[in-house]
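J.: So you can see what is in the structure, the chains are spelled out below.
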Amino acid sequence: MRNRLKVLRAERSWSQADLAERLDVSRQSVNAIETGKYDPSLPLAFKIADAFGLSIEAIFLKDEAPQAAE
Amino acid sequence: MTENRDNARSRYQRRFMLSMIAYAVLLIASVLALEYIEGSELANGPWRFALAVAPSLPILATIWAMGAYLVEETDEFKRTILAQSMLWGVGLTLGFTSVWGFLEEFAQVSRFPLYLTFPVFCFCMGLAQVFVARRYK
Numbered sequence: 000m001r002n003r004l005k006v007l008r009a010e011r012s013w014s015q016a017d018l019a020e021r022l023d024v025s026r027q028s029v030n031a032i033e034t035g036k037y038d039p040s041l042p043l044a045f046k047i048a049d050a051f052g053l054s055i056e057a058i059f060l061k062d063e064a065p066q067a068a069e
Numbered sequence: 000m001t002e003n004r005d006n007a008r009s010r011y012q013r014r015f016m017l018s019m020i021a022y023a024v025l026l027i028a029s030v031l032a033l034e035y036i037e038g039s040e041l042a043n044g045p046w047r048f049a050l051a052v053a054p055s056l057p058i059l060a061t062i063w064a065m066g067a068y069l070v071e072e073t074d075e076f077k078r079t080i081l082a083q084s085m086l087w088g089v090g091l092t093l094g095f096t097s098v099w100g101f102l103e104e105f106a107q108v109s110r111f112p113l114y115l116t117f118p119v120f121c122f123c124m125g126l127a128q129v130f131v132a133r134r135y136k
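In order, the protein sequence lines correspond to chains B and D. Per numbering that gives the first Met the number 0, residue 0 is the first one in the first sequence, and the count goes up by one each step. Per numbering that gives the first Met the number 0, residue 0 is the first one in the second sequence, and the count goes up by one each step.
Since the hints were derived computationally from the structure, they do not count as laboratory data. Incorrect hints may appear among the rest.
Unchecked claim - Okay, derived cross-link-like pairs now, BS3-like style, lysine-lysine, Cα gap no bigger than 30 Å in a straight line:
#1 B/Lys-46 - D/Lys-77
#2 B/Lys-46 - B/Lys-36
#3 B/Lys-36 - B/Lys-61
#4 D/Lys-136 - B/Lys-61
#5 B/Lys-5 - D/Lys-77
#6 B/Lys-5 - B/Lys-61
#7 B/Lys-36 - D/Lys-136
#8 D/Lys-136 - D/Lys-77
#9 B/Lys-5 - D/Lys-136
#10 B/Lys-5 - B/Lys-46
#11 B/Lys-61 - D/Lys-77
#12 B/Lys-36 - D/Lys-77
#13 B/Lys-46 - D/Lys-136
#14 B/Lys-61 - B/Lys-46
#15 B/Lys-5 - B/Lys-36
Unchecked claim - Restraint-style ranges between C-beta atoms, simulated for each label pair:
#16 B/Asp-23 - D/Leu-33: 48 to 54 Å
#17 D/Ile-62 - B/Arg-11: 39 to 45 Å
#18 B/Arg-26 - D/Leu-31: 23 to 29 Å
#19 B/Asp-49 - D/Tyr-114: 45 to 51 Å
For each residue, glycine too, the CB sits at the ideal point set by N, CA and C.
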């Protein structure tokens, strides 16, 4: 699933490890989610949203509507 | 809570190590005891069954430890990789034993020792873990 994690992290100067620590998951998890290879569960998606202070829809994007995403 | 995550893994490693030590000890003890009672009337009684089964108990503990780790791991991504690897391990093991079974039946291939089924599963799962993990890289 496409997402804006990398951009959002950069805005806050968080490394993958920083985000991983905030989410209480491994850095590999953050990497797999960020690269769109692993879709997080709904509870983890909410946790990610909380970490950035955004809604889930502001972070994760529908695959079929790439132009609406940016 | 990073601690919790590490704890699940170290708990598993500790349980695994303890099981393996118990396995080695029980296996040696059973073999020696079985040799000792050979020829006596004990050799045909329930003692024989008890001694024969003893080394398999730590194996059961190991299987439990693997299941417990899957439940206790708090990192859902790691859990996913582990679960997928386990399924690959099950599939490969069932495939291997099925093929071997027919070879035994129809091609006079030597009998496959059933107690090796679990090591085969562990090997297949370990192998699968490499490939499953790579998929998410």
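J.: Hint by hint, say whether it matches the structure.
T.: Status of each hint after checking the structure:
no.: 1; hint: B/Lys-46 - D/Lys-77; verdict: holds, 17 Å
no.: 2; hint: B/Lys-46 - B/Lys-36; verdict: holds, 18 Å
no.: 3; hint: B/Lys-36 - B/Lys-61; verdict: holds, 14 Å
no.: 4; hint: D/Lys-136 - B/Lys-61; verdict: holds, 21 Å
no.: 5; hint: B/Lys-5 - D/Lys-77; verdict: holds, 21 Å
no.: 6; hint: B/Lys-5 - B/Lys-61; verdict: holds, 16 Å
no.: 7; hint: B/Lys-36 - D/Lys-136; verdict: holds, 8 Å
no.: 8; hint: D/Lys-136 - D/Lys-77; verdict: holds, 13 Å
no.: 9; hint: B/Lys-5 - D/Lys-136; verdict: holds, 15 Å
no.: 10; hint: B/Lys-5 - B/Lys-46; verdict: holds, 16 Å
no.: 11; hint: B/Lys-61 - D/Lys-77; verdict: holds, 25 Å
no.: 12; hint: B/Lys-36 - D/Lys-77; verdict: holds, 13 Å
no.: 13; hint: B/Lys-46 - D/Lys-136; verdict: holds, 22 Å
no.: 14; hint: B/Lys-61 - B/Lys-46; verdict: holds, 19 Å
no.: 15; hint: B/Lys-5 - B/Lys-36; verdict: holds, 14 Å
no.: 16; hint: B/Asp-23 - D/Leu-33: 48 to 54 Å; verdict: holds, 50 Å
no.: 17; hint: D/Ile-62 - B/Arg-11: 39 to 45 Å; verdict: holds, 44 Å
no.: 18; hint: B/Arg-26 - D/Leu-31: 23 to 29 Å; verdict: violated, 48 Å
no.: 19; hint: B/Asp-49 - D/Tyr-114: 45 to 51 Å; verdict: holds, 49 Å
The structure fails hint 18 only (numbered hints given earlier).
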